[in-house]
Amino acid sequence: MEKSRSELGQIIIGVARDPLGLMGLIIVGVIVFCAIFAYWIVPYDPIAMDIKSRLQGPSTAHLLGTDQLGRDTFSRVIAGGQVALKVALPAVFGAMAIGLTLGMIAGYGPKWLDNLLMLFFDTIRSFPTVMFALAVVALIGPSLQTVVFVVMATSIPTYGRVARTQTLTLRNSEFILAERSMGASMARILGVHMLPNIIGVLAVLAAMDIPTVIALEAGLSFLGLGVKPPTPSWGALLKDGYSLIRQTPWLVVGGGLPIILATLGFTFLGESLRDVVDPKLRKQR
Amino acid sequence: MSLLNVVDLNTSYGPVNVLAGVSFTVEPGETYALVGESGSGKTTVIRAIAGLAPAQNGSVTFEGQEIRGAPESVMRPLRKDMAMMFQDPVGSLSPRLTIRSLITEPYRIQGMKDRDLDAEAKRLLEMVNLPTHFADRYPYQLSGGQARRVGVARALALEPKLILADEPTAGLDVSVQGELLNLLNDLRERLGLAMVIITHNLSVVRHVADRMGIMYLGRLVEEGTTETIFKDPRHPYTRCLLSANPEPDPDARLERIALKGEPPSLLKRPSGCEFRERCPFAKDICTQTPEWEVDGGHGLRCLAPLS
Amino acid sequence: MTDTLLEIDRLSVDYETGRGDLKALRDITFNVNKGEIVGIVGESGCGKSTLISSILRLTAPNTRFREGEVRFKGKDLLQASERQMRNLRGADISIVFQDPMQTHNPVLTIGQQMLDIQHRSKQSKADKLAHAAKMLGAVGIPDPEARLKQYPHEFSGGMRQRIAIAMALMSEPDLLIADEPTTALDATLEVQIIERLQELQREFHCAILFISHHLGVIAELCDRVVVMYAGAVVESGEVREIFHNPKHPYTRRLIECDPGHIKERARILPTIPGEVPDLANLPGGCIFRDRCDQAMARCASDVPPLDQLKEGHHAACWLNHEEATS
Chain P
18 MEKSRSELGQ
28 IIIGVARDPL
38 GLMGLIIVGV
48 IVFCAIFAYW
58 IVPYDPIAMD
68 IKSRLQGPST
78 AHLLGTDQLG
88 RDTFSRVIAG
98 GQVALKVALP
108 AVFGAMAIGL
118 TLGMIAGYGP
128 KWLDNLLMLF
138 FDTIRSFPTV
148 MFALAVVALI
158 GPSLQTVVFV
168 VMATSIPTYG
178 RVARTQTLTL
188 RNSEFILAER
198 SMGASMARIL
208 GVHMLPNIIG
218 VLAVLAAMDI
228 PTVIALEAGL
238 SFLGLGVKPP
248 TPSWGALLKD
258 GYSLIRQTPW
268 LVVGGGLPII
278 LATLGFTFLG
288 ESLRDVVDPK
298 LRKQR
Chain Y
835 MSLLNVVDLN
845 TSYGPVNVLA
855 GVSFTVEPGE
865 TYALVGESGS
875 GKTTVIRAIA
885 GLAPAQNGSV
895 TFEGQEIRGA
905 PESVMRPLRK
915 DMAMMFQDPV
925 GSLSPRLTIR
935 SLITEPYRIQ
945 GMKDRDLDAE
955 AKRLLEMVNL
965 PTHFADRYPY
975 QLSGGQARRV
985 GVARALALEP
995 KLILADEPTA
1005 GLDVSVQGEL
1015 LNLLNDLRER
1025 LGLAMVIITH
1035 NLSVVRHVAD
1045 RMGIMYLGRL
1055 VEEGTTETIF
1065 KDPRHPYTRC
1075 LLSANPEPDP
1085 DARLERIALK
1095 GEPPSLLKRP
1105 SGCEFRERCP
1115 FAKDICTQTP
1125 EWEVDGGHGL
1135 RCLAPLS
Chain D
746 MTDTLLEIDR
756 LSVDYETGRG
766 DLKALRDITF
776 NVNKGEIVGI
786 VGESGCGKST
796 LISSILRLTA
806 PNTRFREGEV
816 RFKGKDLLQA
826 SERQMRNLRG
836 ADISIVFQDP
846 MQTHNPVLTI
856 GQQMLDIQHR
866 SKQSKADKLA
876 HAAKMLGAVG
886 IPDPEARLKQ
896 YPHEFSGGMR
906 QRIAIAMALM
916 SEPDLLIADE
926 PTTALDATLE
936 VQIIERLQEL
946 QREFHCAILF
956 ISHHLGVIAE
966 LCDRVVVMYA
976 GAVVESGEVR
986 EIFHNPKHPY
996 TRRLIECDPG
1006 HIKERARILP
1016 TIPGEVPDLA
1026 NLPGGCIFRD
1036 RCDQAMARCA
1046 SDVPPLDQLK
1056 EGHHAACWLN
1066 HEEATS
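Protein chains in written order, with this note's numbering: chain P, 18 to 302; chain Y, 835 to 1141; chain D, 746 to 1071.
Treat the hints as calculated values from the structure; they're not laboratory data. Every clue listed holds true.
Pairs of lysine-lysine residues, derived as DSSO-like cross-links and limited to a Cα-Cα distance of at most 30 Å, are as follows:
id, chain 1, residue 1, chain 2, residue 2
1, Y, 914, Y, 956
2, D, 867, D, 779
3, D, 879, Y, 1094
4, D, 867, D, 820
5, Y, 914, Y, 947
6, D, 1008, Y, 1065
7, Y, 1102, D, 894
8, D, 873, D, 818
9, Y, 1102, D, 879
10, Y, 1102, Y, 1117
11, Y, 947, Y, 995
12, D, 1055, D, 779
13, D, 873, D, 894
14, D, 1008, Y, 1094
15, Y, 1094, D, 894
16, P, 103, P, 245
Ranges of calculated distance between the beta carbons of each label pair, as one might list FRET restraints:
id, chain 1, residue 1, chain 2, residue 2, range
17, D, 1007, Y, 1127, 30 to 38 Å
18, D, 852, Y, 846, 29 to 37 Å
19, D, 755, P, 278, 55 to 63 Å
Beta carbons are placed, not taken as given, at the ideal position from N, Cα and C, and that holds for glycine.
Kindly produce the complete structure, drawing on both the sequences and the hints.
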């Protein structure tokens, strides 16, 4: 336990030393802060309409102007961040947890189970995401939960494959053999000995995956398959902004810019994390 | 009753026949050394005994109970009595656990949660002459010798009757090898342990083993007490092995018996005596297959033994 | 015209780490003459890896050369440009590494790799391949022309090490550095490699710097020996002197501990108790003091110099100091 705390501290320091990593940390920090405290810091209620002020450009009252229903774009951008993370975080961590478990079992268990799970992963991966989303939406209707489910399901194979490869690599190491020689069960070997050694790689993967998932959510919302209006979402902003681009370009800016920033931020963070975590793993082996 | 009785153990990985019928016995309290080059199958033997490698044929009895190919449910209770030590001292310790967790792992696996694990960890560290504050360290913080001793401590946790040790001195500096061997000898005497030691280091064997068996291409070619083997080796391969150790004396000119070439591939086992092609003393009769013959505790597989 | 090929002169190297400066090499001094085989005996932590990487100038980014020179044919390598070093490596100075399984590029055939090594030569490809085949024959690889077309994984460990030696000798270097070349091999293969090295050395007249912790191999192969402990040279001299008349307690204990030295079955084996000191926190005085059974008061406060005891025999120990300076 002590080791994990100081190790985490060392990792954060390592990332902060890298200029891009520091930038990533700051951007992600801001996004997360805004997401958590969105409804405390927004200047206006993101869903409050004010038809009289519709389609205004940026001003001191409305930093990014208003949309076709008079709602403050800036407030919708901030609230949209909360939606983005409400989808991205459960989806990514859910996919990671499930993928990790299935991947470890595939890599360590009997061959027939491995083949079965690989078939399962490959089947999921062969579905185009959008078609899968359409099918699910047709079944259970569009909502935040739908998006989370779709994104999680389609991400599982990625984590599963990586976990499986890592498990296969470590499966024949001497310390695993030593545990087997003491009679450790498969559950114990996977949970106590395998997991801590492979989670580092998966955590980096997850950090790099979050922007992909944010973009995916935005895309689904853009197509109308995601969160229902009036819930603000960056994708919904893009959708509205796309049709209103002649009247006001600021909706598109409001929808697109945070996605770009989030992608940059998480990517810088993820890459810096990988650089810091990888040599550490190598040194400790 | 012998503690461990291995009869005609046979292991193949697909077409590769790694163990072609290995037989030996270990009595309680005895140390038996299995000696051979890489590829002789010696590591496979102890892994097969411990159930970590497959064994398609033959018999392995531990205290009279047959365990060859036994399922884990049969093996698990026996693992209290049979412990293993692995070749890579640091690599055989789970990298993210503290030494305390590593040493007390056997208790947890066997479900003995009622013990005071902290106290057991202390006791075990003292037994192997490691300071007790090492309990909080991690494997990467240990030297090879220290990690090796942690491996010994872990093997001894449940007071086993038999220890299977794979190259216990590999990777250790010469100046600390003695420390480990002395420790093993001491524990052996105090606890009445039996040991099977795998090594290719003959000089080590001399000081720890009561009896030894020399393996070549998955079979025993000679077996006997350590003294007789060192004084009077009868198989040419044993002679070659014994003469291959350079002495730390520039003026010593050993009568080195040169071995020709490399061990043949296991996929193309030579006919007749499998050592024939490399043997400096091969005769015509060696084209026939030699049988294992035992004479007064000394086993030999050779048609033209040396006198 | 001097006979000295390589002169290590008071070489001191540190590693800058988070815990402070790790004093990996301190005041290392010894020579290698033309055509001579010099053995470096040392256990883990003695600094031999740092020494080799310093000679070849292939050091980690946090390495600091504090003092001293590494003179090869009179020129200080530590001052040489990277271009000059590249011209030396693989040509005048070659190296054979410890682990034969890691030395070769797994996706190129042996022939391709041996062609690569000859990139400086202006000969035709056919000539270069013939040269490569000849070298493989010289190290005892049967049917060399055919084997040039094979990949590293098709060879056993012993053969790979022989190929590595063939590769190292192809350019007929002045100095061959062999870093524990037989440690990963069985005793029977070790013996074959050593005998092969002796033959090749007689044929090519290169000097060899042979690093190992196998005392028996050092005794058999080397003309002179340098004993290193925890970053310092503790003794050096001709092989017979070192083994029959060791003057440093570490050398003496090391020979005693070697299992090949002990003829009868021993109930209790000799050992050197204790651990190598932390090089980031050096104890004062002699580096071996904590583990020495003959330590005196002076050993705790002053570092003993490398005294010359007789022609060619040096030792760094206060026990000998009176004898040396009188």
